[in-house]
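Participant: Those protein sequence lines, which keep their order, are chains A and B.
For the first sequence, the numbering used here gives the first residue as 26, with consecutive numbering after it.
For the second sequence, the numbering used here gives the first residue as 8, with consecutive numbering after it.
If you're looking for bench data, these hints aren't it; they were derived computationally from the structure.
Hints may be right or wrong, so weigh each one.
[What the hints assert, rightly or not] If you want a taste of the chain A side facing chain B, the calculated C-beta under 10 angstroms gives, among others:
hint, residue
1, F114
2, E115
3, F173
4, D175
5, T214
6, F281
7, V285
8, D286
9, K289
10, K293
11, E371
All C-beta atoms, glycine included, are put in the ideal place defined by N, C-alpha and C.
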Amino acid sequence: MAESNFDTRIDYYPTHEHEGIKYRRGHVLPFGATMVPNGVNFSIYSSAAISCTLVLFEKGADQPYAEITFPEEFRIGNTYSMIVFDLDFETLEYGYRMDGPFEPEAGHRFDKTKILSDPYAKAIGGRDKWLAPPNWDNIYPHRSRLVFEDFDWESDMPLETPIEDLIVYEGHVRGFTQHESSGVKNKGTFAGIREKIPYLLDLGINCLELMPIYEFDEYEHSKTNPETGELLINYWGYSTLNFFAPKSGYAATGKFGMQVDELKTLIKDLHKNGIEVLLDVVFNHTAEGDHRGPTISFKGIDNNTYYMLTPEGYYFNFSGTGNTLNCNHPVVRSMVLDCLRYWASEYHIDGFRFDLAAILGRAQDGSPLNNPPLLESLAHDPVLAKCKLIAEAWDAGGLYQVGSFPAYGRWAEWNGKYRDTIRRFLKGEEGLIGELSQRLQGSPDLYSTRGTAAGINFITCHDGFTLYDLFSYNEKHNEANGENNNDGNNDNFSWNCGCEGETDDAGINILRHRQIKNALSILMVSQGIPMILMGDEMGRTKYGNNNTYCHDNDLNWLNWSLIDKNADIYYFARHIINFRRNHAVLRNRDHFRNADYKGTGYPDISFHGTQAWNADWSESSRVLAIMLDGGHAKNGYATDDTVYFAINMHWEALPFELPHLPQDKSWYVSVNTDMPSPYDFHELNNEPVLENQYSCILGPRSVVILLGK
Amino acid sequence: MQIDIKTENSILIVTIEGSIDSKTASEVQQGILEGSVGSDNVIIDLTKVDFVSSAGLRVLLMVYRQIKAKNGKVILVGVSEEISEVMSMTGFINFFEIVDTVKTALDSY
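Start from the sequences, fold in the hints, and give me the full structure.
Facilitator: Encoded structure:
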């Protein structure tokens with residue numbers, strides 16, 4: 026390793042020795058543990074500690090082999106740094122002890138008996154293999170480790186797909202392939218996803234959004250269901266132990282400490298296949314809970330800095346999980362920024378979806394800020410400049426910012442109003458046509474200055490019913506969660522189509538499949554960015570459970586045999602996804618102008634009903650048709666076929682008069698969800714001409730999509 | 008770990024026995040790079056290697072990069088199924104040509 030130019034550097038050699046360990050003054054930045062010639066540079070911040078000790082373990086050992094207290098002269102400001110020499114990068118585990126006051130009312134909870142994990146650690150040991158039984162007597166259960174940051178990306182870079190062209194697929198690393206039916210070799214892992222890339226390509230999505238992959242403790246709050254005896258765990262992972270470390274238990278090679286390489290290999294391969302990777306990141310709270318929770322890292326390093334505290338020194342709970350990360354404290358803000366930059370640069374991540382992002386806009390006392398510095402910093406950051414930034418624009422403290430999230434021209438957000446409107450409309454509620462038309466257009470009422478690309482449209486996500494369950498259950502059925510069905514959302518806007526749960530009634534099952542196709546059709550023709558939930562393309566069910574955060578079983582594992590059972594749904598989903606990708610007219614970035622600014626003879630968008638050019642906006646209406654002029658595709662920068670889609674949520678069939686096309690064009694049928702499979706759609710570029718060019722019958726509760734070409 | 012290095016038809020043949028991990032990786036690297044001064048092509052026989060750690064895989068990739076810079080070729084021989092799988096999941100395998108025997112490797116130059 027020794028290169029001659031390094032030999033001449035003074036800091037290549039130790040100046041101090043303690044119990045045989047050689048060390049010297051370190052570099053303050055970067056924070057964390059960084060490999061340097063001959064050693065490792067350790068640097069950590071604490072504003073209120075009176076001393077800091079570096080604790081070193083051989084991998085897996087019960088007791089540390091060395092503890093080195095930072096000499097006072099190694100402290101610069103509120104940082105401690107030192108270089109330790111001759112460490113084994115692969116087998117080292119390290120942590121810190123911080124000495125300082127235990128004065129909760131003043132915000133301090135120092136406890137020098139605890140060994141603390143480094144907030145900047147790049148890997149965390151202790152949960153190397155998913156659900157492996159932990160040693161509960163471990164004096165340091167979540168151990169900081171080193172990683173090699175020298176991955177050979179070759180020519181890979183983030184894809185930078187225009188956001189309006191994305192079709193997002195929200196998945197869970199373990200849930201995607203853990204089921205026996207997945208057929209992959211390394212089930213439930215990053216490597217398992219890699220084996221399923223051909224499937225994702227077949228489906229047609231171009232963006233994979235992964236539920237949290239930062240290291241978390243699946244055993245956090247684990248308990249046994251008193252009725253079933255089943256172990257309930259932190260399966261989803263919305264509780265971060267460390268923001269820089271990928272979850273080791275999600276890697277087949279985690280037992281060898283190679284989770285970083287395995288994840289990067291997955292990302293590189295997804296990119297090679299044109300699929301972006303978004304991470305669902307949880308910066309609103311940590312796994313340390315409230316004053317009763319464990320001291321793992323932040324709490325013992327600098328409680329006052331990292332958490333929002335009440336005047337009495339308790340934890341604000343805007344996240345609903347015990348504590349709230351103090352995101353707009355300048356030090357925490359820097360950490361979040363460092364973290365995202367790290368993932369964007371080291372892992373080539375294409376974008377981030379921020380869980381309960383409204384919290385990121387709260388001041389240190391919890392009040393909402395008008396100009397939140399963290400959100401502004403992220404929006405203008407040079408490293409993150411091409412990353413997608415997507416907010417879940419609400420929190421558990423009652424702050425709901427859909428449409429008003431501070432965007433700085435950059436931020437998009439999960440459009441919760443889209444979900445609710447489409448669900449209510451699909452279940453047959455009246456009085457929604459005006460709002461429906463806004464949602465189909467990319468919600469200009471919410472994002473008047475931000476364009477259609479500000480909204481991530483979704484009807485289902487991990488939280489709540491699957492699409493199949495949305496049409497199979499009126500009520501949630503969360504008994505398996507062990508909370509007497511009290512957990513989970515009650516406002517599901519769902520409709521069981523006539524029977525609660527599974528049924529042999531053929532009519533009900535046909536209607537359910539049709540409703541799923543209706544939902545997928547509406548999602549894919551809406552302006553804005555569509556997101557589908559893993560498995561909705563094959564009629565996945567969670568048996569009415571709308572909050573499966575704690576289940577490591579069939580409730581969360583995708584059963585791949587559903588592709589055969591619900592083949593009609595899968596083929597339809599694949600068609601409608603590819604239909605969207607094939608038609609630029611569906612993917613504008615800016616809002617429609619309701620005008621013919623290209624001189625084609627048609628406005629960019631027009632509204633219709635059972636009568637052409639005359640939509641029925643009345644209270645009792647359940648129908649709407651929209652025509653998107655192909656001459657105005659991509660806000661006038663592209664040309665496409667004209668797309669006409671009609672939605673009838675009435676329980677009776679209705680005739681729709683069609684708008685006239687120019688003489689050289691005709692209407693062709695792409696989709697009619699009223700038709701049985703395989704006649705519910707027609708292959709791209711092979712659509713049959715519509716027999717009657719003037720009118721089209723829409724069956725009860727169905728969608729028709731026509732192409733004018 | 009044992010390492011044996013010889014040259015045949017100006018091709019460096021490195022035979023390793025044991026584990027390549029952080030404790031032995033630098034010895035492997037040094038041995039190969041010093042041995043390959045006069046030859047642009049390297050065969051690394053891993054038939055008797057039972058484990059290659061993260062640091063070990065990095066040595067193999069470093070050797071690959073340095074030999075490739077000289078327009079040479081690195082061939083791995085006798086990679087066990089387990090090592091091959093780890094190399095596949097972590098992306099290292101894509102850089103290497105892998106064959107079953109040293110003879111096949113020699114014939115391919």
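Participant: The structure should be examined with respect to each hint, and the outcome stated for every one.
Facilitator: Here's how the hints hold up against the structure:
1. F114: holds, 6 angstroms
2. E115: holds, 4 angstroms
3. F173: F173 of chain A check passes; min Cβ-Cβ to chain B is 6 angstroms, inside 10 angstroms.
4. D175: holds, 7 angstroms
5. T214: holds, 8 angstroms
6. F281: holds, 6 angstroms
7. V285: OK, holds: V285 of chain A within 10 angstroms of chain B, min 9 angstroms.
8. D286: holds, 4 angstroms
9. K289: Holds: closest Cβ of chain B sits about 7 angstroms from K289 of chain A, inside 10 angstroms.
10. K293: For K293 of chain A, the interface hint holds, since the closest Cβ of chain B sits about 6 angstroms away, which is under 10 angstroms.
11. E371: It is violated, given that the least Cβ distance between E371 of chain A and chain B is near 14 angstroms, above 10 angstroms.
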